[in-house]
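Asks: The chain contents come next:
Protein chains: 2
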Amino acid sequence: MSNQSINAHRLLSRIRELGTIGRDEEARLIRLAASDTEKLGRDLFKSWLEDAGLEIAVDQIGNIFGIWRPEGTDDQPPLLLGSHIDTVINAGMYDGCYGVLSGLEVIEILKAEDFVPKRPIAVAAFTNEEGVRYAPDMMGSLVYAGGLGVEEALGTIGTDGTVLGEELERIGYAGNEAPGFLKPHAYVELHIEQGPVLEREGVSIGAVENLQGISWQKVTIDGDANHAGTTPMSMRRDAGHAAARVITFLRERAKASNTPTVATVGCVSFEPNAINVIPSRATFTVDLRDPDEGRLKAEEAELATFLNRLAEEEHVDVSVERLARFEPVTFDRSIVAIIEKAAGDRNLSCRRMTSGAGHDAQMVARIAPSAMIFVPSVGGISHNPKEFTADSDLIAGANVLLDVVRKIAANVE
Amino acid sequence: MSNQSINAHRLLSRIRELGTIGRDEEARLIRLAASDTEKLGRDLFKSWLEDAGLEIAVDQIGNIFGIWRPEGTDDQPPLLLGSHIDTVINAGMYDGCYGVLSGLEVIEILKAEDFVPKRPIAVAAFTNEEGVRYAPDMMGSLVYAGGLGVEEALGTIGTDGTVLGEELERIGYAGNEAPGFLKPHAYVELHIEQGPVLEREGVSIGAVENLQGISWQKVTIDGDANHAGTTPMSMRRDAGHAAARVITFLRERAKASNTPTVATVGCVSFEPNAINVIPSRATFTVDLRDPDEGRLKAEEAELATFLNRLAEEEHVDVSVERLARFEPVTFDRSIVAIIEKAAGDRNLSCRRMTSGAGHDAQMVARIAPSAMIFVPSVGGISHNPKEFTADSDLIAGANVLLDVVRKIAANVE
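Line order of the protein sequences matches chains A and Y.
Numbered by our numbering, the letters in the first sequence go through residues 1 to 413 in order.
Numbered by our numbering, the letters in the second sequence go through residues 1 to 413 in order.
Quick caveat, the hints were computed from the structure, so don't treat them as lab data.
Please note: incorrect hints may appear among the correct ones.
Identical copies go unnamed one by one, so any copy, or any two together, can satisfy a pair.
Subject to a maximum C-alpha distance of 30 Å in a straight line, what follows is the list of computed DSBU-like cross-link-like pairs (lysine-lysine) [stated by the list, open to error]:
| # | residue 1 | residue 2 |
| --- | --- | --- |
| 1 | Lys39 | Lys297 |
| 2 | Lys297 | Lys118 |
| 3 | Lys218 | Lys111 |
| 4 | Lys183 | Lys386 |
| 5 | Lys297 | Lys386 |
| 6 | Lys341 | Lys255 |
| 7 | Lys297 | Lys111 |
| 8 | Lys341 | Lys39 |
| 9 | Lys46 | Lys255 |
| 10 | Lys46 | Lys297 |
| 11 | Lys386 | Lys255 |
| 12 | Lys255 | Lys218 |
| 13 | Lys39 | Lys255 |
| 14 | Lys111 | Lys386 |
| 15 | Lys218 | Lys386 |
| 16 | Lys218 | Lys46 |
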């Protein structure tokens, strides 16, 4: 196997340049799916695909593809690389972008060295992976894999009242290709870990063999708005207090268990939201994750039981809406083995691991053998400006991706 | 004492007409202080003052006064009646408006029957009693009583980012009179109880002898935004969970105590408020009330102690901002006695009681002998469309006010 490596300077400077796109007046990085700032990020990525001489395609959900089709490979399904370039509010610059730009970097290196693949090699930037503006998250790859109808997805109403399809039209990324037009031979996604494991163990490369199941629910609690000064505590139907009980229940239960279950309440709102009025309504989201489907189901059941008891004890009405539900995913054994081998050949320490976050790879895994490569995240911090991965780790991960691509693209079976 | 009574039809129809002003597309009553809808309510009230032939004055904080100055009374300070006409979000139609319109009704009746008072009689609609848009609440009467500088009050930034002074200018109610230009001889405020006591005991009239102390604080908790899927529960600094612990602490402590202390968290917000991000910041309000200043101080101290412990246990940063603080108020003994006598003379059951809500009367009490008259609120419900008081109770309360005014306005001492 060639010892050729990626162009570290080009990769790192592109990651930093993309990281400057979408800063608000407080310098917070915000590129929400299909927003004006994300359009600027898409435009920049597209210009780099053009510079690399790749064929560019955009599908109906706005996923962007840069495709290298060497002569004689058109009869073969492509090896697909990629991730996403949308971000959360006040994000770091590595989440998603690292995998997309490394995929492009790998293709450029292979093109330049006249590598002769047995199949096309493509890089994808999937739409709305974060799910902050439009639920569910990983929407672009879900639609690409046929798990969600494109019309339904395009009709999604955002937290800001916008419609995804209209926003994609507005920013010029409502493409013509049918979702799944590019059926992949395999998919490999390089990503920062977004967790503390690799850094804590001093390991350079994570060969991701599976991924947690994810359960997103929206809970609405209805009580009675009433005067905060004159209503005795015993006569209250306080929706806000009932919501607080759920938040503490989820946290304490997950913290006390010795399982990898994680539970998070990230969004909350009270109505009428006035200082001197007892909340008549509280709405909040619940994010439950576990690598074991049985345990995840059990946690969902425990929450449902608690909500029923709460409704009785607090005399409130509780309703639950499912926003998203993904079962745990097991990645392709042979690709995971190729990743381990590639890391070893470059004398990089490597461990098999579970992904705690959701990734586009879990969607593409529905239609093609897939796996992921992780690199360390300092402090495990992500979705935060403090998100950081050392240049040496970024370079090492991209080189492992390069070698993995070389190996997979060289085979026809 | 004359048996003349108020014009029930006129009073009730005015309450209902004012209650139609400021309805949104969902028919919710919303007349926030100095808003476009409150301007419409002010205009209607002003037109009724004109119809009644009263002298109209507006002071710099936007308080509206309708003044009846019979000949020969100009050397005497006026007897002041009133309340407020601003509302909370999705309010009932009685809170405040009942007292203002009953004050006007009483003056019209006395004028019509050629009653000869020893002093002017005036009715006031005080600005921003509710405090929903601008804190603190009872702002207009507080400025009127000299407890808050008018410049400072006019500079208040609203929850919607507006400046009160600019909004008063915009709606045409930034008056010229200096606050307190009309120094009252005494102040009587008629109001619905907004609590369950009178209805539960089947009593028609409450002679309010004192009022709870009120403590409003805004608490901000800072933790770390982090990925909801990859951050082990033990490594989290979850500002949202810490806020939920405060809400349950306040509720359970107040509910368990055998004191009249009430504690309410009415407003809350999380940042970044995303489903899959652990909240880095939680902000919420705390409303504590008790008729005993010592107990109120003790509750504030307990909260401070809990917040310190919370900061240590959850590894979060906690900061507290005081939004408003009013000590319990004792009303004027002689006026309370006059109210009891007036109720008895009309064969209405009456009890002395404490006001659980804050009212403009507690501010005016700083500069003149003051007291309040309560009528029953069905179910104790207020700040809610279900707020309701039977016509017979509304009429009875206004007649008691009429007789109390006759008695006080007949004396010069």
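Asks: Hint by hint, where does the structure go against what was stated? Just the numbers, ascending.
Replies: Hint check: 1, 2, 3, 4, 5, 6, 7, 8, 9, 10, 13, 14 and 16 fail, others pass.
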